[in-house]
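Fit chain B to the known structure of chain A by using the hints.
Protein chains in written order, with the numbering used here: chain A, 20 to 337; chain B, 1043 to 1341.
It cannot be assumed that every hint is accurate.
As the list claims (entries may be wrong) - Cross-link-like lysine to aspartate or glutamate pairs, in silico, DMTMM-like; alpha carbons within 25 angstroms at most: (1) A:248 x A:225; (2) A:145 x B:1334; (3) A:243 x A:230; (4) A:248 x A:230; (5) B:1071 x B:1334; (6) A:243 x A:148; (7) A:21 x B:1181; (8) A:21 x B:1245; (9) A:72 x A:86; (10) A:177 x B:1307; (11) A:145 x A:230; (12) B:1071 x A:148; (13) A:248 x A:148; (14) A:145 x A:225; (15) A:198 x A:225.
Unchecked claim - Ranges between beta-carbon positions, derived for each pair: (16) A:190 x B:1258: 53 to 63 angstroms; (17) A:22 x B:1168: 52 to 62 angstroms; (18) B:1087 x A:321: 40 to 50 angstroms.
If you're looking for bench data, these hints aren't it; they were derived computationally from the structure.
Glycine included, every Cβ here is placed at the ideal spot set by N, Cα and C.
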Amino acid sequence: MKRYLLRRAGASLITLIAASMVVFIGVRSLPGNMAVALSGENGSAAALAAITKEFGLDKPLVIQYVDWVGQLLRGHLGVSPQTGLTVSSELAQRVPVTLELTVLSILLGIVIGIPAGIGAAVRRGKALDYASNAVALFGLSVPSFWFGILLILLFSVKFHIFPSSGYVSLFSNPVENLKDMVMPVVVLGSGVAAILMRQMRAGMLETLRSDYVRTARAKGLSEKVVIGKHALRNSITAVVTVLGLQFGVLLSGVAVTEQVFLLPGLGRLTIDAVFQRDYPTLEAVALLVATSYIVINFLVDVVYSVLNPRIRLAGGSA
Amino acid sequence: MSAVSADVSIVGHPVHNQVHVEKRYRRLKVLLRRPTALAGGIGVVLIIAVAILAPLISPYNPTASNFSDLFSSPFSTGHLLGTDQLGRDTLSRLVYGARSTLEVGVLATIVGTIVAVPVGIISGYYRGFVDSIIMRITDVILAFPFLVIAVGLAAIFGPSLQNAILALGIAQIPSVIRISRGETLGLREQEFIQAAIASGASDFSVIFRYLLPNMMSPLVVQASIAIPGAILGSALLSFLGVGVQPPTPAWGSMLATAQTYIYQDYWLAVLPGIAILVTTLSFNFFGDGLRDALDPSLS
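Isolated chain A (complex conformation):
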C-alpha cells in the first residue's frame, strides 16, 4: 500500500514538473515582447529597459524558469502588468466563482446522471434505457454556450426570471448568488449528467454480468440488494475515475459558460489574459489548472486503491 502510494505520488510529481515546464516555455514563446506591450507603442528606450530588467526578461530562459519556480514555491505568483494587482489576489477573487460553478455542476450531474445510468442498465433494452440514452446523447451534442444563450433568451429576455449576467458573491448575498448560478449550473450540470449516465450504465452492465452478481442472485438476495449494494459499489468507482479524467473537459466548459453568463471566474480571466499578453496571469492560471487536474486524479487513485485492494496490489508489481 505504502509502496503503491509512493510510486503514484512520484509519478504525479514528475508530471507536475513537466507540466510546469510546458507552461513556462509556452508562455515565454508568446509573440509580442511583454516589455513593449507594457511600455506602450511610444515608450522610451529607458522605460523599456527598466521593464525588461524589472521582470527579468533579459536573463537566459533556464534562469528565468528557476527564478520563477523559486518565486512560486514562496507563494509569489507575480504582478499582473495590466492591473498592477498581484496575480494571487486576482486568483483569490476568481477561484471561488469557478469553484462554486464547478462543484454545483458536478453535484447536479451526479444527482441526475447516476440514477439515470443505473435505471438504464437495470431496464436494459427497455423504453427507459433508450429514452435516457437518447437524452444523454442529446446532452453530449448540445453546444453548452448555445444552450446558455437559449436559457438567457427564455428566462432573462422573455420572462425576466433570472438575471442574464452579473455576479454577486455567495457571502454577501447568498440568494442573489444562487439565482445568478442557476442557469450556468444547469448548462454545465446537464453535460456532466450525460457523461456520468453513460459511464454508470456501461459500468453497471459489466458488473451485472459478473460471477459474483450471479452468485448474489442465486443466494436469493432481492434485486434491490444485488443492485443497490453489490453491483453499485463496484461500478461507481469507475465512474469516479472518469469524473476525475473529465475534469479538464469540464474546465473548458466552465470557461465558455463564464463567458456566456459574464461570470468573473478563471475562464474569463484566462481569455482576457491572452488578448492582453498578461504573462504572469496566464502562467498562474495554466499552472493552477494543470496542478488541480494532477492532484485530483492522484486523490481519485488513492481513494480508489483504498476501496479496491486489487488495484494497489497489481499497481505494486506493474
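Here is chain B on its own, set in the frame of chain A:
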C-alpha cells in the same frame, strides 16, 4: 506449424475470408436496424453533402454584406433564414459554416489518430522504459484542457483554423494512445501474434500486418466519438474568438456575434446552434450505433 500459419492467414487477411465478410455484413445490418443510428447516418451524409456542395446550394455569397437589408427575419423576401447585422444571408453562412466545422472536426481527429496510434502501439509492444516515458507524456497532455492548449497556440501563433485543428488534435492524443496501447498489450499475448513473432516476422510486419488490422474496431469507435467532440470544440473555440477567423463563416463565431444582438434578433442566436446540434447529434447517434455494432459487449 501448419495450424499456426492457417491461423495467422485468417487474421492477417480478414477480407479474403468468407466468415469475416459475413460478419461485417451482419454488423452493418445491426447498425442500420437501429432507427437512431440510421437517422444519424443519413444526417452525417447530408451534412457532408452540404459542405461539399456549398457553392451550389447557398443562395448568396456568405460574406457579401447588404446594408439596406439588416436583421431581416426568417422567411422574409429573398432570404429563407433572414440576414445578420451586416445584411449577410444567414442560410448561405450556415451552409458555408458546415465546411469549416467539418474540416476542423475531421482533420483534428485524423491528426490525433495518426500521431497517437503508432505511439500507443510502440508503448504497448515494447513496454518497459519507453512505455513509462510515453505514459508520463500523456499524463502531461491530459493535465491541460483543450481550451488551454488552444488558447496557448492562438496566443503564440495567432488564432486560426489550423491552430484549432492542432489544439483539438493534440487533445485527442492521450485517449487514442491509451486505447491503442491497451489493445496492443492484449493482442500481444494472443497466440497468432506470438506465432508471428516466433516465426521470425519483423516488428514492423507484426505491427502493420497483425496488430493494426485487429484494433480497427475500437479505433473506429473512438474516432466516431471524437469527431462530434472536436466539432463542439471547434464551435467553442470560434465562439471565444480563437478558432476560425472572420470573414470565414463559422457556426461558433456566428453565435458569439448573435449574443450581442440578442435583443434585436434572436433568430441569429438560435439558427447556428441548431446547425451545430444537428451535426453533433447525427455523428453521436451514428457513432453510438457503430459502437454497439462493432463491440456488442457494451450494448
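Which numbered hints are broken by the structure, listed smallest first?
Hint check: 8, 15 and 17 fail, others pass.
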